[in-house]
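Protein chains in written order, with my numbering: chain A, 361 to 662; chain B, 361 to 662.
Keep in mind that a hint or two might mislead.
A pair counts as met if it fits within one copy or between any two copies, since identical chains are not told apart.
[Claimed, not checked] Within a straight-line C-alpha distance of at most 30 Å, the following computed DSS-like cross-link-like pairs (lysine-lysine) qualify:
1. K383 <-> K654
2. K654 <-> K548
3. K517 <-> K425
4. K658 <-> K609
5. K654 <-> K518
6. K548 <-> K439
7. K418 <-> K654
Keep in mind that the hints were calculated from the coordinates and are not lab data.
2 protein chains.
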Amino acid sequence: MKSERILAVGSVALDSVETPFGKVKDTLGGSASFFGAAARFFAPVSLVAVVGEDFPKKHLRLLEKCGVDIGGIETARGKTFRWRGFYDYDLNNARTLKTELNVFQSFKPRLSPEHRASRIVFLANIDPDIQRAVLDQVRNPSLVACDTMNYWIEHKKKSLLKLLARVDIFLCNDSEARELSGEYNLIKAARGILARGPRLALIKKGEHGVLCFSQNSLFSVPAYLLEKIFDPTGAGDSFAGGFLGYVSKSPNLSERVVRRAVIYGTVLASYNVESFSLSRLARLTPAEIAGRYKEFQKLTRF
Amino acid sequence: MKSERILAVGSVALDSVETPFGKVKDTLGGSASFFGAAARFFAPVSLVAVVGEDFPKKHLRLLEKCGVDIGGIETARGKTFRWRGFYDYDLNNARTLKTELNVFQSFKPRLSPEHRASRIVFLANIDPDIQRAVLDQVRNPSLVACDTMNYWIEHKKKSLLKLLARVDIFLCNDSEARELSGEYNLIKAARGILARGPRLALIKKGEHGVLCFSQNSLFSVPAYLLEKIFDPTGAGDSFAGGFLGYVSKSPNLSERVVRRAVIYGTVLASYNVESFSLSRLARLTPAEIAGRYKEFQKLTRF
């Protein structure tokens, strides 16, 4: 199976993170970065994003070294998007201490002719207006997936709902699904989301796994159990990278492909949380991915 | 496979419960009741417990109608054990409003010769001193399982740890595993528990499923997803009933049997939470159990 190139828009950021196990300052982060570093094991990936003049060149080189096409990452006047977060021992919930949108505040993405020809599009978590501006420029997308966060549900719900109608696969976490749908029960929440357009709704529950809903099926998987979770930042984006990367090989969304893709997403996320920033994903190997996929089978088969 | 009789000691209680979906007063509850109503689908069950003079005869008749042997339920002077609890929309956590031990405060179980000959013993959640007093009287047990709760970890840890050394299977929920072991990470918590004696540690995570640990294996399953969870009271005990009931048919604890037993436990618990008290379990059929087991396979296979 030939893999289609995936075009991904989202944030490329400088993260400052503190967990019970350590802290880092201005490290490479952002939804598009984590997605790209995970998806690249399955398909070629092009990122569309903006960074400021202060963005260290070494971070761009790391993404390039991972084989990610950074031709669509623009450098603009001003400072790079920054996120500062904190995790307690309950690593499931990030506490955002500070978000500075900076150059993303005025970002007007302009896609190259090559990027406009992309068939598979991932709209990583960022302002839904920017997600739509990118999607508008893609000529004939065959598969569109989208993630978001509570901030956009609260501040740009209309824009997000317009986008949802044009999306095949929607990903969010459990509290976002509840907030977006107004339903506490996750089966009802997913039904509300699917009614807005997507064929698939993936609800991420952090250390409690993932639920994958379509109109007539439901797939539930636990997370891969780890003895040491170092930093959960980017887990959802690397899940999306593994998931969409695998799906891109056969984008008909058959139940069999979707379920395997969920496991690959789980595997990529589980590696990502083993260290800060992209450092684990950057040195990950296909053999390690295949190994943990098998481990996951042993963990769950009955 | 012939099923061995299971002897279970635990509480038979009058529960007053309020959930977002309704409330009941002085309904049939207690760890032994829920266990028995679930386990009886797989094996004959005898309960050892005490009730007060105020205990309605209809509750005993219901247990008998379920095919549970109530010969070991003693009626003592005084009032029946009572529990009053409250659940918010997050149905995962019960808030105990009141616990009255009443007749259980001075309960000294005395087993009949027939009960003393039991081979499979379940020590449902109750004072570990009472659990040990029952186990002491069983002549030659081949398989012993035990549940507990935070109250006993906090108030009778020594007694509980002594018991743990004599138990094959230990069940508790995630917060209890953390409290008992002093470890936040559940892999480490389970390792701490297994080091105390049990061959299997089952950590129940409510709506997030179950983890099953032995020295050299780990099994993780999500919960059965329900659109309507009515009342979670007794979910853990009916899980134990389904689990130990299935295991009782081939008590060698092979990996294959244990994993299937975890699914049967999950199925029984999922039915139990569909209504107050034992009402769903009382009218459950073997065909419904088999049906949901198959549904669970569909929900999780990849």
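Open item on the list: I want to check one pair: K517 and K425. Are their C-alpha atoms no more than 30 Å apart within a copy, between two copies, both, or neither?
Closed with: neither (37 Å within a copy, 54 Å between copies)
TODO: State whether the alpha carbon distance between K654 and K548 is at most 30 Å within one copy, between copies, both, or neither.
DONE: Result: close only across copies, 22 Å inter versus 32 Å intra.
Task: Homo-oligomer pair classification [K518, K654; C-alpha up to 30 Å] - done: neither (42 Å within a copy, 41 Å between copies)
Open item on the list: My question is about K418 and K654: at a cut-off of 30 Å on alpha-carbon distance, are they close within one copy, between copies, both, or neither?
Closed with: neither (34 Å within a copy, 52 Å between copies)
- [ ] Using 30 Å as the alpha carbon limit, work out where K658 and K609 are close: within a copy, between copies, both or neither.
- [x] Classified as both; 25 Å inside a copy, 24 Å across copies.
Task: Intra- versus inter-copy proximity for K654 and K383 (alpha-carbon distance at most 30 Å) - done: Close neither inside one copy (32 Å) nor across copies (46 Å); limit 30 Å.
TODO: Have a look at K548 and K439 and pick one of within, between, both or neither, based on CA distance no larger than 30 Å.
DONE: neither (41 Å within a copy, 43 Å between copies)
The structure shown violates the earlier hints numbered 1, 3, 5, 6 and 7.
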